[in-house]
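> Letter by letter, the chains look like this.
Number of protein chains: 2
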Amino acid sequence: MLVEGRHFPRAADPYRLGHKALAVNLSDMAAVGARPRYALLAGALPTGDSEWLASFMHGFDALASRHGVELIGGDTTKGPLTLCVTIIGDVPKGCAITRSGAKPDDVVYVSGTIGEAALALEANAGRVTVDERTLRACAERLEVPTPRVELGVALRGVASSALDVSDGLVGDLGHILDASHVGATVDVAAIPTHPALRALLSTPDRPRALACLLAGGDDYELCFTATPAAQARVAEIAQSLALPVTAIGRITSAPGLVVRDEAGNALSALPHAFDHFT
Amino acid sequence: MLVEGRHFPRAADPYRLGHKALAVNLSDMAAVGARPRYALLAGALPTGDSEWLASFMHGFDALASRHGVELIGGDTTKGPLTLCVTIIGDVPKGCAITRSGAKPDDVVYVSGTIGEAALALEANAGRVTVDERTLRACAERLEVPTPRVELGVALRGVASSALDVSDGLVGDLGHILDASHVGATVDVAAIPTHPALRALLSTPDRPRALACLLAGGDDYELCFTATPAAQARVAEIAQSLALPVTAIGRITSAPGLVVRDEAGNALSALPHAFDHFT
Numbered sequence: 001m002l003v004e005g006r007h008f009p010r011a012a013d014p015y016r017l018g019h020k021a022l023a024v025n026l027s028d029m030a031a032v033g034a035r036p037r038y039a040l041l042a043g044a045l046p047t048g049d050s051e052w053l054a055s056f057m058h059g060f061d062a063l064a065s066r067h068g069v070e071l072i073g074g075d076t077t078k079g080p081l082t083l084c085v086t087i088i089g090d091v092p093k094g095c096a097i098t099r100s101g102a103k104p105d106d107v108v109y110v111s112g113t114i115g116e117a118a119l120a121l122e123a124n125a126g127r128v129t130v131d132e133r134t135l136r137a138c139a140e141r142l143e144v145p146t147p148r149v150e151l152g153v154a155l156r157g158v159a160s161s162a163l164d165v166s167d168g169l170v171g172d173l174g175h176i177l178d179a180s181h182v183g184a185t186v187d188v189a190a191i192p193t194h195p196a197l198r199a200l201l202s203t204p205d206r207p208r209a210l211a212c213l214l215a216g217g218d219d220y221e222l223c224f225t226a227t228p229a230a231q232a233r234v235a236e237i238a239q240s241l242a243l244p245v246t247a248i249g250r251i252t253s254a255p256g257l258v259v260r261d262e263a264g265n266a267l268s269a270l271p272h273a274f275d276h277f278t
Numbered sequence: 001m002l003v004e005g006r007h008f009p010r011a012a013d014p015y016r017l018g019h020k021a022l023a024v025n026l027s028d029m030a031a032v033g034a035r036p037r038y039a040l041l042a043g044a045l046p047t048g049d050s051e052w053l054a055s056f057m058h059g060f061d062a063l064a065s066r067h068g069v070e071l072i073g074g075d076t077t078k079g080p081l082t083l084c085v086t087i088i089g090d091v092p093k094g095c096a097i098t099r100s101g102a103k104p105d106d107v108v109y110v111s112g113t114i115g116e117a118a119l120a121l122e123a124n125a126g127r128v129t130v131d132e133r134t135l136r137a138c139a140e141r142l143e144v145p146t147p148r149v150e151l152g153v154a155l156r157g158v159a160s161s162a163l164d165v166s167d168g169l170v171g172d173l174g175h176i177l178d179a180s181h182v183g184a185t186v187d188v189a190a191i192p193t194h195p196a197l198r199a200l201l202s203t204p205d206r207p208r209a210l211a212c213l214l215a216g217g218d219d220y221e222l223c224f225t226a227t228p229a230a231q232a233r234v235a236e237i238a239q240s241l242a243l244p245v246t247a248i249g250r251i252t253s254a255p256g257l258v259v260r261d262e263a264g265n266a267l268s269a270l271p272h273a274f275d276h277f278t
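Protein sequences, first through last, are from chains A and B. Just so you know, we're using our numbering here: the first sequence kicks off at 1 and counts up by one. Just so you know, we're using our numbering here: the second sequence kicks off at 1 and counts up by one.
One thing to keep in mind: the hints can contain errors.
[What the hints assert, rightly or not] Below 30 Å or equal to it, Euclidean Cα-Cα: the simulated DSSO-like pairs (lysine-lysine) are:
id: 1; chain 1: A; residue 1: 93; chain 2: B; residue 2: 93
id: 2; chain 1: B; residue 1: 78; chain 2: A; residue 2: 78
id: 3; chain 1: B; residue 1: 93; chain 2: B; residue 2: 78
id: 4; chain 1: A; residue 1: 93; chain 2: A; residue 2: 103
Read the hints as simulated data drawn from the structure, not as lab findings.
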């Protein structure tokens, strides 16, 4: 459920919003290795603005058809702009990737790059300064995220656990650790991100940059674990999808998440994940 | 999608709201003869008020378990109070009841009584006066509607078309007529309703009473059609469910809906159905 003023700004481009409303749901399918099939869309709309709605639906439909997803139902009513998508997909019996399968010694991976959507939010709010080209690239990540559906499907039987990074790496990986009753060590230096965000880590903006990297939401990359023996298979999948997949740490039997800085020292405090009620 | 201030008042009892949020969706299942199986619930909530939420979920769960419906997913976020339920059910292949199967000479039926929820709304707004006991009975219809799931299932292969009366009889029956490319004649005198609403038809409040009867929403009864030959079967079903089912008119080959008053004269103007954008 996406609420205006909370998940997207008032003036959000309707085409991009239509894309994103579906994309975040496709990302949930990707996280469990499911193939999305059907979507339902409900919207509370402040007015019956047909131009806005047509543009929104173009964005929604373009992404839906790219993934063979059929819109099979929904609802519209008047109200504060709120969008609710339900996604239905399938996965062969027993092949769904869960959060609870991570085992000590498993490698922790992320797809793509992390922290760029959060960097766009920080730059848009004027809290950090980045060059125009970086901002444009990061805003694309924020506004038209690419759900990693094919990666999720390819990881069936390969990943021991997975989820999508929607609320921040620390918080989302924390869900895997909790469900799997394990801990993890992650290296800041290993987390793939935009060079501009990497550079910010060496400036007085380091705390903000770390927060983008570790607690920024909205990237919609997958974070997953797999046994060390599966390393070659993971590399093959990444190559076949032309999507970088990077090892960022290891699962440990000791509970808790340890994030190590570039010098190998554990960070004493971790930035908080996005909380839906603050 | 139910929006505070539009589909329910600000101070709505959370237990009843939980019931209604699911009930209106079960009613959609009933309208196509489907057996509801799974529900997803998304809510934008102004605060994380756990007492409110617990009461809401009690109302939701009580109705869900009565119908064997399993809550399998959803979402919560902060925002103007908005509830979105997605319902998933099944019906044997080819047995779904549609809106497009009504044929000339078919009998038009409604279940239960019509117009009571609207009468409660009118009375609550002080536009009509009814006695305390009537108001309580009608408020029950409005706030804790009973979805006609068993009737819908029983009507598979019997009804030629069906839908649930959620936006008013005239408008909802109109959807059947449009989809079936037929017309209908309906008799005001035949529409089953509360005696208090029937009595209001003979007072200066007749226009308001007619509007409740013909254009009042929220009753969540089924309106359906069946061949004259199926009349005994329909009566059997009604008896087995202990749910009154009443013939209120006939399908005609001439398009358009004619509503006849108690003297058999066509009403010159029909009250409008609920419009979701006005």
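> Determine for every hint whether it applies to the structure shown.
Verification of the hints:
Annotation: proposed proximity of residue 93 of chain A to residue 93 of chain B holds, straight-line Cα distance about 23 Å (limit 30 Å). Straight-line distance between C-alpha atoms of residue 78 of chain B and residue 78 of chain A comes to about 18 Å, which keeps the hinted pair within the 30 Å bound. Between the alpha carbons of residue 93 of chain B and residue 78 of chain B the distance comes to roughly 40 Å, so the proposed pair goes past 30 Å and is violated. Between residue 93 of chain A and residue 103 of chain A the alpha-carbon distance is near 22 Å, which keeps this suggested pair within the 30 Å criterion.
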